[in-house]
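Asks: Heads up: the protein sequence lines correspond to chains P and V, in order.
Position 10, counted from 1, in the first sequence is what numbering that gives the first Met the number 0 calls 9; the numbers after and before it change by one each time, with no gaps.
Position 45, counted from 1, in the second sequence is what numbering that gives the first Met the number 0 calls 44; the numbers after and before it change by one each time, with no gaps.
Keep in mind that the hints are not guaranteed to be accurate.
[Unchecked claim] Reference excerpt, derived from the structure (chain V facing chain P, CB under 8 Å, subset only):
#, residue
1, Gly-10
2, Ile-12
3, Lys-66
4, Asn-68
5, Leu-69
6, Ile-89
7, Phe-91
8, Val-103
9, Tyr-106
It should be emphasised that the hints constitute simulated quantities derived from the structure, not laboratory data.
C-beta atoms are modelled at their ideal positions from N, C-alpha and C, and glycine is treated no differently.
Each chain, written out:
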Amino acid sequence: MAKIIAGVGCSHVPAIGVAMDTGITHEEYWKPVFEGFKKSREWMKKQNPDIIFLVYNDHCTAFDARCIPTFALGCGAEFQPADEGWGPRPVPSVKNHQKMASHIAQSLVLNEFDITIMNEMEVDHGLTVPLSVMFGEIKQNDEWPSLVIPLCVNVVQYPAPTGNRCYNLGKAIRRAIESYEEDLSVIIFGTGGMSHQLQYKRAGLINSDWDKRFLDLMTKDPVGASQITHLEYLRETGSEGIEMVMWLIMRGALNESVTEVHRHYHVPASNTAVGHIILENDA
Amino acid sequence: MTKKEYDSIPGTIVFDASKSREGYHLNQFCISLRLQKNRDAFNKNEEAYLDAFPMSKEQREAVLKRKWNLLLELGGNIYYTSKLAANDGINFQNLAGLMTGMGVDSYREMMLKGGRSIEGNRDKSEWGED
Numbered sequence: 000m001a002k003i004i005a006g007v008g009c010s011h012v013p014a015i016g017v018a019m020d021t022g023i024t025h026e027e028y029w030k031p032v033f034e035g036f037k038k039s040r041e042w043m044k045k046q047n048p049d050i051i052f053l054v055y056n057d058h059c060t061a062f063d064a065r066c067i068p069t070f071a072l073g074c075g076a077e078f079q080p081a082d083e084g085w086g087p088r089p090v091p092s093v094k095n096h097q098k099m100a101s102h103i104a105q106s107l108v109l110n111e112f113d114i115t116i117m118n119e120m121e122v123d124h125g126l127t128v129p130l131s132v133m134f135g136e137i138k139q140n141d142e143w144p145s146l147v148i149p150l151c152v153n154v155v156q157y158p159a160p161t162g163n164r165c166y167n168l169g170k171a172i173r174r175a176i177e178s179y180e181e182d183l184s185v186i187i188f189g190t191g192g193m194s195h196q197l198q199y200k201r202a203g204l205i206n207s208d209w210d211k212r213f214l215d216l217m218t219k220d221p222v223g224a225s226q227i228t229h230l231e232y233l234r235e236t237g238s239e240g241i242e243m244v245m246w247l248i249m250r251g252a253l254n255e256s257v258t259e260v261h262r263h264y265h266v267p268a269s270n271t272a273v274g275h276i277i278l279e280n281d282a
Numbered sequence: 000m001t002k003k004e005y006d007s008i009p010g011t012i013v014f015d016a017s018k019s020r021e022g023y024h025l026n027q028f029c030i031s032l033r034l035q036k037n038r039d040a041f042n043k044n045e046e047a048y049l050d051a052f053p054m055s056k057e058q059r060e061a062v063l064k065r066k067w068n069l070l071l072e073l074g075g076n077i078y079y080t081s082k083l084a085a086n087d088g089i090n091f092q093n094l095a096g097l098m099t100g101m102g103v104d105s106y107r108e109m110m111l112k113g114g115r116s117i118e119g120n121r122d123k124s125e126w127g128e129d
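Sequences are here, hints too, so could you generate the full structure?
Replies: Following this line, the structure appears as C-alpha cells:
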C-alpha cells in the first residue's frame with residue numbers, strides 16, 4: 000500500500016524562484032534563505048519519495064476571477080509552468096501520478112470533500128518554488144525527481160477554507176493515499192506563508208513571534224493550530240499570512256505524533272517571512 | 000454596509016466576496032496582462048485596450064493614473080494589480096514601497112530590519128482611525 004512518510008511546510012515566495020533562476024542565491028541577501036534548505040535537500044535525496052502531494056495556492060494563474068474553486072485537485076498527466084507576467088520559470092514540467100490522483104479524487108468526494116477536478120492546468124510559483132527549494136536547481140530539460148499531485152486551495156478571495164476544514168481534509172487525503180494498492184512512498188507539502196502582507200498601507204507586516212509559535216504548534220499541537228481563526232491570521236500575520244491554513248492540510252495527513260527533523264526561519268525574502276519545517280511520521 | 004469583524008484591522012483591505020464583485024472587471028483587465036500579446040496591445044494604446052473591460056469610470060481612471068491604493072479600495076486585489084505593476088517594471092516589493100507611501104528604499108530597509116512590527120499595527124485605534 001502507498002504510505003505518507005513525512006510532511007514538509009515551506010513558503011513559496013516568487014522572488015525565491017527568481018533568485019534561483021537568475022543564479023544569485025549566493026548573494027548576501029539570499030544566502031541565509033538558502034542556507035536553511037541545505038539540510039532539506041540532503042534529506043529529500045535520502046527519502047527519494049515516489050510522489051509529492053503538493054498543497055499550494057494558485058495566484059490568479061490557472062484560476063482568475065471567473066472561477067474560484069476552494070479545493071482543486073490536479074488529475075491531468077502533466078502541468079506546465081505558467082507565464083505569470085514575466086515569462087514561465089525555466090524549470091521542468093510537472094508530471095502527475097494520474098492513477099493515484101484519480102483514486103484520491105474519488106475517495107475524497109465519497110468522504111464528503113467535494114473537490115474540483117482539474118484535467119488541464121498550468122502551475123505557478125506557488126507549486127514550482129517549493130519543488131525548487133527542496134530539490135535544488137533542476138534544468139528545464141531534466142525531470143523533477145518525483146511525480147507530483149497538486150492540490151490547489153483558494154486563499155486569494157476571502158474566506159479561505161477554515162483551518163479546521165483543512166486539517167480534516169488532510170486526514171481524508173491520508174485515508175485516500177493509504178488505501179492505494181501500490182507500494183509507493185509519498186511526502187506531503189503544505190506551502191505558503193509565513194507572516195506577510197503584500198497590500199495597502201500595512202504592507203510589510205511581519206510577526207516572527209507568532210510564526211515561531213505556529214511552527215511549534217505544527218510539531219506539538221496540530222489540533223490547537225487547526226482552531227486558529229481567520230481573524231487571528233489576518234490581524235496577526237497580515238492579509239496574505241492566511242495562506243498558512245494550507246500547512247494544516249499537510250499536518251492533518253500526518254500522525255498526531257511526529258518528529259521534527261528540521262526547521263528554518265528567516266526574515267525577509269522580499270515582503271515575506273520564510274518558514275520551513277520537516278516532520279516525519281513516528282513509526 | 001454590514002460591519003465585518005476584520006474592518007478593525009488598520010491599513011488592510013480584505014478581498015472578500017463583496018470586493019471581488021465590485022472589482023471583477025478591473026481584476027480581469029489586470030490579469031489579462033499576464034500574457035505578452037495583451038501587454039503589447041495595452042502598451043500600444045491603453046485607452047483603447049481598456050474599452051474592452053466594462054469597469055467603472057473611477058476604476059478606469061485609477062488604472063490610467065496608476066493609483067495603487069485606490070485600485071484596491073475599488074475592488075482590485077493585489078495578485079491582480081501586481082500584473083499591471085509588473086507591466087510597468089515594478090515588482091512586489093517596490094509596489095509595497097509605493098502603497099505604504101514609504102518609498103522603495105525605506106520600505107526595503109524596513110524589511111531588512113525584520114519588517115513592520117505587529118506592535119501598534121493590530122487595530123485601527125492604534126492608527127488614530129475609527
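Asks: If a hint holds in the structure, say so; if it does not, say that too.
Replies: Here is what the structure says about each hint:
{"no.": "1", "hint": "Gly-10", "result": "3 Å, holds"}
{"no.": "2", "hint": "Ile-12", "result": "5 Å, holds"}
{"no.": "3", "hint": "Lys-66", "result": "12 Å, violated"}
{"no.": "4", "hint": "Asn-68", "result": "6 Å, holds"}
{"no.": "5", "hint": "Leu-69", "result": "11 Å, violated"}
{"no.": "6", "hint": "Ile-89", "result": "11 Å, violated"}
{"no.": "7", "hint": "Phe-91", "result": "6 Å, holds"}
{"no.": "8", "hint": "Val-103", "result": "12 Å, violated"}
{"no.": "9", "hint": "Tyr-106", "result": "6 Å, holds"}
Comparing the model with each numbered hint stated earlier shows that hints 3, 5, 6 and 8 do not hold.
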